[in-house]
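Asks: So you can see what is in the structure, the chains are spelled out below.
2 protein chains.
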Amino acid sequence: MTGNRIGLFTEIEKEIFYKIILSRRDVRRNFIRKKISNKVLLRILTAAHHAPSVGYSQPWNFILIRDRNSRLKIKESFSKERLKSIELLAMDKERKRKYLDLKLEGILESNLNICVTYDHKRFGPYIIGRMTIKEAGIYSVCCAIQNLWLAARAENIGVGWVSIINNKDLKRILKLPSPVKPIAYLCLGYITKFEVEPDLQSQNWLSRLDLEKVINYEQWDGGNSLKDWEGFNQRLTRKNA
Amino acid sequence: MTGNRIGLFTEIEKEIFYKIILSRRDVRRNFIRKKISNKVLLRILTAAHHAPSVGYSQPWNFILIRDRNSRLKIKESFSKERLKSIELLAMDKERKRKYLDLKLEGILESNLNICVTYDHKRFGPYIIGRMTIKEAGIYSVCCAIQNLWLAARAENIGVGWVSIINNKDLKRILKLPSPVKPIAYLCLGYITKFEVEPDLQSQNWLSRLDLEKVINYEQWDGGNSLKDWEGFNQRLTRKNA
Numbered sequence: 001m002t003g004n005r006i007g008l009f010t011e012i013e014k015e016i017f018y019k020i021i022l023s024r025r026d027v028r029r030n031f032i033r034k035k036i037s038n039k040v041l042l043r044i045l046t047a048a049h050h051a052p053s054v055g056y057s058q059p060w061n062f063i064l065i066r067d068r069n070s071r072l073k074i075k076e077s078f079s080k081e082r083l084k085s086i087e088l089l090a091m092d093k094e095r096k097r098k099y100l101d102l103k104l105e106g107i108l109e110s111n112l113n114i115c116v117t118y119d120h121k122r123f124g125p126y127i128i129g130r131m132t133i134k135e136a137g138i139y140s141v142c143c144a145i146q147n148l149w150l151a152a153r154a155e156n157i158g159v160g161w162v163s164i165i166n167n168k169d170l171k172r173i174l175k176l177p178s179p180v181k182p183i184a185y186l187c188l189g190y191i192t193k194f195e196v197e198p199d200l201q202s203q204n205w206l207s208r209l210d211l212e213k214v215i216n217y218e219q220w221d222g223g224n225s226l227k228d229w230e231g232f233n234q235r236l237t238r239k240n241a
Numbered sequence: 001m002t003g004n005r006i007g008l009f010t011e012i013e014k015e016i017f018y019k020i021i022l023s024r025r026d027v028r029r030n031f032i033r034k035k036i037s038n039k040v041l042l043r044i045l046t047a048a049h050h051a052p053s054v055g056y057s058q059p060w061n062f063i064l065i066r067d068r069n070s071r072l073k074i075k076e077s078f079s080k081e082r083l084k085s086i087e088l089l090a091m092d093k094e095r096k097r098k099y100l101d102l103k104l105e106g107i108l109e110s111n112l113n114i115c116v117t118y119d120h121k122r123f124g125p126y127i128i129g130r131m132t133i134k135e136a137g138i139y140s141v142c143c144a145i146q147n148l149w150l151a152a153r154a155e156n157i158g159v160g161w162v163s164i165i166n167n168k169d170l171k172r173i174l175k176l177p178s179p180v181k182p183i184a185y186l187c188l189g190y191i192t193k194f195e196v197e198p199d200l201q202s203q204n205w206l207s208r209l210d211l212e213k214v215i216n217y218e219q220w221d222g223g224n225s226l227k228d229w230e231g232f233n234q235r236l237t238r239k240n241a
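Going down the list, the sequences are from chains A and B.
The first sequence begins at 1 in our numbering and counts up one residue at a time.
The second sequence begins at 1 in our numbering and counts up one residue at a time.
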């Protein structure tokens with residue numbers, strides 16, 4: 001353990017951690033052909049498997065997909081869903097035009113696809129914490145996905161999460177048993193570069209909210225608190241904070 | 001950016017990252033009185049706010065709670081839910097005995113509580129990716145929670161996620177508007193030490209699954225694949241992997 005016997009991290013180590021957090025991107029392009037080695041993949045999956053889980057239920061599975069036939073079918077599912085999404089924008093020509101310019105997946109170009117699933121039956125039915133909040137097991141899977149994503153970034157590997165996909169198609173193509181639910185479909189691969197800002201920001205789809213807009217003090221205030229909680233809000237609004 | 005112009009991390013930096021991932025714990029005890037400074041809290045929340053989100057919708061809010069009255073009410077909600085959970089174990093005396101020994105929250109002893117919420121209306125109704133997978137916005141909030149958790153670990157601060165809590169009580173106590181959904185109730189604070197293994201493991205509730213049990217090749221195999229995917233499975237089963 002770094003630091004001392006209780007495992008304290010130093011200022012320099014914190015700084016490295018924040019660099020990883022801030023430079024992680026949702027990557028859908030610029031993939032190169034370099035293969036992800038088994039050694040690196042193992043480290044990334046170990047990070048995912050060390051996520052927190054409600055009642056220690058570890059309800060995740062990682063389906064590693066290299067097979068081109070499966071990927072072609074999944075790409076087909078994406079293409080159908082994309083068309084449906086575009087139809088929803090029929091009345092909004094400006095957004096539709098922008099949407100058509102967006103690259104939203106790298107299913108075929110990336111080196112590896114991973115489908116992350118949720119298994120409600122694992123260690124069940126009695127799971128501590130999940131008796132009260134039924135969806136908590138799914139939340140655990142998402143924590144594992146974020147661990148995987150950050151580990152990939154640390155390994156200089158891009159990850160894109162494809163949400164424009166039909167889960168029924170995924171279940172059929174990947175032969176998931178009926179109680180197992182797909183949560184994420186991820187595309188991983190080395191890339192030519194990590195972008196400085198998210199694609200949806202650089203392409204003027206949406207911008208990052210100011211942090212103070214998502215912070216509330218003591219109770220819900222919609223991020224519009226007039227309270228200056230011991231100078232915290234002031235510090236927040238400083239541009240170089 | 002560390003490394004070179006495309007932001008590559010070095011082997012030493014990766015190692016630090018994995019130490020943070022592997023030493024993160026779900027913390028419910030050993031809190032000390034030391035206050036989390038505004039500066040540190042700001043860094044942790046910045047990490048959370050830099051999570052990925054479906055269609056860049058950033059649907060999270062962070063409600064910071066120091067008020068003792070609110071916390072007492074929330075603790076009361078926990079206590080009621082805990083009793084209900086114990087009742088479910090009435091027929092299983094061994095597990096009931098173990099359950100009674102578990103410390104499952106640090107609501108009052110921790111320095112700060114944070115309720116993380118999901119706002120379905122933000123930037124909506126048209127969110128890229130969420131038109132296909134409705135729950136994807138909640139998944140984004142979970143990614144933010146995991147960023148927060150890891151940042152806190154890097155800052156040597158313990159975090160515990162309290163799932164034994166009634167969301168209706170939370171909404172009432174924290175005055176959440178009806179479309180806003182609480183996703184996590186977190187307790188943060190400095191602690192005397194980070195445990196080497198998860199409490200639920202050291203107290204023999206459940207054990208960590210072997211990694212190979214949650215990895216599937218090309219399609220669902222329930223972690224029981226006989227396929228040796230280019231030596232990957234072999235490497236996995238090596239104890240020192």
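Take these hints with a grain of salt, some might be off.
Heads up, simulated PhoX-like pairs for lysine-lysine below, C-alpha to C-alpha not over 20 Å straight-line [stated by the list, open to error]:
#1 B:K93 x A:K134
#2 A:K103 x A:K121
#3 B:K80 x A:K134
#4 A:K121 x B:K213
Quick caveat, the hints were computed from the structure, so don't treat them as lab data.
Asks: Of all the hints given earlier, name the ones this structure violates by number, lowest first.
Replies: Going through the list in order, the structure violates hints 1, 2 and respects the others.
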